[in-house]
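Protein chains in written order, with my numbering: chain B, 41 to 426; chain F, 30 to 381.
These are calculated hints, taken from the structure and not from any lab test.
Treat the hints with care, as some may be off.
Cut-off 30 Å, straight-line C-alpha distance, at most; resulting in silico cross-link-like pairs (DSSO-like, lysine-lysine) [as the list claims (entries may be wrong)]:
1. K218(F) / K361(F)
2. K263(F) / K225(B)
3. K361(F) / K72(B)
4. K88(B) / K153(B)
5. K225(B) / K210(B)
6. K50(F) / K230(B)
7. K210(B) / K88(B)
8. K365(F) / K72(B)
9. K365(F) / K78(B)
10. K361(F) / K421(B)
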Amino acid sequence: MTSSFSFNPLPLPAELDSLRQEVRSFLGEASKDWSGWKIGHSWTGFDKDFSLEVGRRGWIGMTWPEAYGGHGRSGLERYVVVEEMLAAGAPLGAHWFGDRQSGPLLLRLGTEKQRREFIPRIVRGEASFCIGLSEPDSGSDLASIRSRAERVQGGWRLEGRKVWTTNAHKCDFMIGLFRSKGTAKEDRHKGLSQFLIDLRTSGIEIRPIHDLTGEAHFNEVVFDNVFVPDDMIIGEEGNGWSQATAELAFERSQPDRYMSCFPLLPMTIDRLRSTDTRDRLARQRIGGAIAETVVLREMSLSILGQLESGHSPANEAALVKDLGNSHEQRIPELVRELIDSPACIVESDTFNELQGYLTQTVPTFSLRGGTREILRGIIAKGLGLR
Amino acid sequence: MSEDMNISMMLSEQISRLLTKHVNRDAWIRAEEGQLDSDLWQEIENQGLTLALVGEELGGAGLGWADIEPSVRLCGQHAAPLPIVETMLGNWILSQAGLESVAGPIAVSSSLFQINENGCLSGQDEQVSWLHQSASVVLIAINSHGERFVCRVDSPFNGRKVATYDRQPCARLELDGVKPNAHAEERGKLANLGLMPYMAALRSIQIAGAMNHILGLCIEYANTRVQFGRPIGKFQAIQHMIADLSGQAAACQVAGLYAARQIDNGHPEYGAAIAKTQTSMSATRAATIAHQVFGAIGVTDEHSLHYYTRRLWQWRADAGSDYWWADYLGEKALDKPGADLWNSVVSRSVTA
Chain B
41 MTSSFSFNPL PLPAELDSLR QEVRSFLGEA SKDWSGWKIG HSWTGFDKDF SLEVGRRGWI
101 GMTWPEAYGG HGRSGLERYV VVEEMLAAGA PLGAHWFGDR QSGPLLLRLG TEKQRREFIP
161 RIVRGEASFC IGLSEPDSGS DLASIRSRAE RVQGGWRLEG RKVWTTNAHK CDFMIGLFRS
221 KGTAKEDRHK GLSQFLIDLR TSGIEIRPIH DLTGEAHFNE VVFDNVFVPD DMIIGEEGNG
281 WSQATAELAF ERSQPDRYMS CFPLLPMTID RLRSTDTRDR LARQRIGGAI AETVVLREMS
341 LSILGQLESG HSPANEAALV KDLGNSHEQR IPELVRELID SPACIVESDT FNELQGYLTQ
401 TVPTFSLRGG TREILRGIIA KGLGLR
Chain F
30 MSEDMNISMM LSEQISRLLT KHVNRDAWIR AEEGQLDSDL WQEIENQGLT LALVGEELGG
90 AGLGWADIEP SVRLCGQHAA PLPIVETMLG NWILSQAGLE SVAGPIAVSS SLFQINENGC
150 LSGQDEQVSW LHQSASVVLI AINSHGERFV CRVDSPFNGR KVATYDRQPC ARLELDGVKP
210 NAHAEERGKL ANLGLMPYMA ALRSIQIAGA MNHILGLCIE YANTRVQFGR PIGKFQAIQH
270 MIADLSGQAA ACQVAGLYAA RQIDNGHPEY GAAIAKTQTS MSATRAATIA HQVFGAIGVT
330 DEHSLHYYTR RLWQWRADAG SDYWWADYLG EKALDKPGAD LWNSVVSRSV TA
């Protein structure tokens with residue numbers, strides 16, 4: 041029958057259970073001392089030791105070819121590991137961007153040398169990557185970026201600035217988008233290139249941007265006459281726009297787009313049980329959140345199945361992110377409705393800290409990785425509007 | 030592709046052809062006047078849809094619930110004004126209890142009735158669709174030992190008519206000491222909720238179909254209706270509403286199929302709870318958006334939109350609303366420590 045979108049189900053093989061149990065028992069031990077604040081950060085939380093341990097266990101670069109140090113496992117196995125990590129609110133930030141984005145990009149478009157040099161280090165959890173897209177004057181309008189790459193002897197000189205770069209101050213490398221030809225006015229989507237930049241190179245200054253939670257997890261990265269050798273351009277010169285947008289499309293439907301607030305739900309259930317609050321409202325709100333979670337998970341799995349079989353359901357992925365972010369954003373409010381807790385952050389109280397952190401952070405969920413408005417524009421176009 | 034999937038595809042293609050040809054505004058109006066289109070019914074029966082879930086040994090096609098999902102979705106997509114899904118469910122549960130299926134439309138009650146030692150039924154259901162147009166009613170009755178029986182009774186044609194939002198024929202069913210024409214104990218498929226989860230699964234799939242149709246209507250209208258010198262679909266405000274609608278439609282498509290797969294997988298209640306919570310919730314949002322896109326023309330009698338939005342308002346309430354099923358899910362979740370929640374989500378994955 042005709043439908044506007046494709047969402048064939050992807051059933052999970054029962055043999056994945058042992059892997060799931062393995063991850064779960066590791067997390068059970070590792071999470072003992074995690075504060076609510078730490079759990080709230082989840083995949084943006086930077087914990088190098090944790091990432092190194094995850095790497096040792098073979099849970100980074102799981103699907104990548106063994107020739108580059110990957111583990112040659114299935115996308116489903118990776119999915120199981122990732123969703124278990126997110127359900128626990130594990131601090132994945134030191135390896136997340138490399139595992140989700142930079143590694144796959146290098147495997148798809150990188151040179152043999154780039155793969156040999158970087159993939160094994162990502163797999164071990166040693167090399168942390170950040171993504172340099174936004175600029176002070178270019179947010180959603182990404183093609184308008186003004187940071188430039190100029191051809192010089194043996195490579196490129198970078199000039200300009202990137203903002204909102206998550207964890208740049210702790211990362212080793214950035215994959216940054218720069219204009220290498222023409223201007224945004226004339227060429228728009230042409231003339232942009234992606235570079236792999238060692239953040240220790242001279243001329244790079246990383247300044248923290250303090251956010252409303254009082255932290256500074258994102259940064260402004262200033263490039264002042266920064267040299268990047270020729271062999272650190274990724275893919276094709278001038279093709280950076282389609283490379284970067286394809287990269288964004290791939291990451292849109294993963295569990296990090298609907299599970300960012302999940303850890304709050306089990307704690308809410310325990311709170312409600314401890315005060316014997318199981319009234320109709322509590323049951324309905326909890327039940328509604330569970331139904332949404334299960335449906336989003338089915339949608340996300342379906343997209344994984346389509347990607348694995350060589351399709352690129354970009355519209356469906358945008359749709360899952362839009363739905364997923366809206367779901368995530370409702371959770372702290374749902375909890376506030378059910379549990380009348382004061383607006384203060386009590387350090388020793390995991391639930392209270394997590395609620396406090398997420399309440400202040402959820403506005404960014406429909407900004408990062410493509411704003412709701414950009415996504416809805418993509419979806420509308422896919423539907424034949426415009 | 031498995032043989033069942035092949036049969037399922039061929040079946041849905043035939044159903045699509047039939048419904049496209051015969052279901053239109055006139056057909057909806059005749060149904061609202063209480064008429065059942067017996068010619069179309071015969072053609073649907075000839076395709077084998079009403080016996081699709083019945084095992085081959087009992088004369089059916091022996092398809093699973095996931096296999097018939099596309100055909101059920103089509104019934105929603107076309108707002109088919111016939112008790113097709115009710116009859117599929119009725120024949121299926123008869124066959125599950127080893128009873129013979131019947132020809133012609135079947136009305137189904139999702140309420141639980143009582144059956145006494147003499148084999149007489151009592152109980153009532155305030156709302157049974159197509160009761161007066163069907164020769165038989167299929168229902169579940171429970172005896173004093175808690176055993177469940179699948180029962181088929183002759184339709185009592187005297188039940189008071191009930192006015193519903195979708196204006197499909199509907200009547201109250203009351204049985205007081207009536208002997209079923211056929212009954213047999215059913216041990217496998219029915220838990221405390223009787224037929225309710227199965228009906229909820231069907232309604233969820235129908236909602237997905239109706240919503241997909243509404244989405245198509247909205248896209249077409251937005252691309253053709255001109256205001257301020259351009260099609261309204263050029264306005265971001267409209268685009269974003271329709272994008273939102275498409276998200277709801279997609280979620281419902283996934284949820285409806287999920288319910289069907291969970292029946293095949295042995296978790297009908299859980300699947301129905303997830304699906305009906307999602308689809309009924311989305312139905313509300315979808316109807317709101319669609320009427321906003323269409324403006325005043327969408328609420329006029331001559332426009333086809335209301336045949337769909339009234340069904341959404343009907344189906345979101347049938348066999349348990351979103352609030353009812355969310356309550357069911359939430360109660361189960363609150364029965365166990367929070368740490369069990371995640372496992373309850375993943376352990377009920379539909380496995381390969």
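Results of checking the hints against the structure:
no., hint, in the structure
1, K218(F) / K361(F), "holds (20 Å)"
2, K263(F) / K225(B), "holds (23 Å)"
3, K361(F) / K72(B), "holds (27 Å)"
4, K88(B) / K153(B), "holds (25 Å)"
5, K225(B) / K210(B), "violated (34 Å)"
6, K50(F) / K230(B), "violated (49 Å)"
7, K210(B) / K88(B), "holds (9 Å)"
8, K365(F) / K72(B), "holds (21 Å)"
9, K365(F) / K78(B), "holds (25 Å)"
10, K361(F) / K421(B), "violated (41 Å)"
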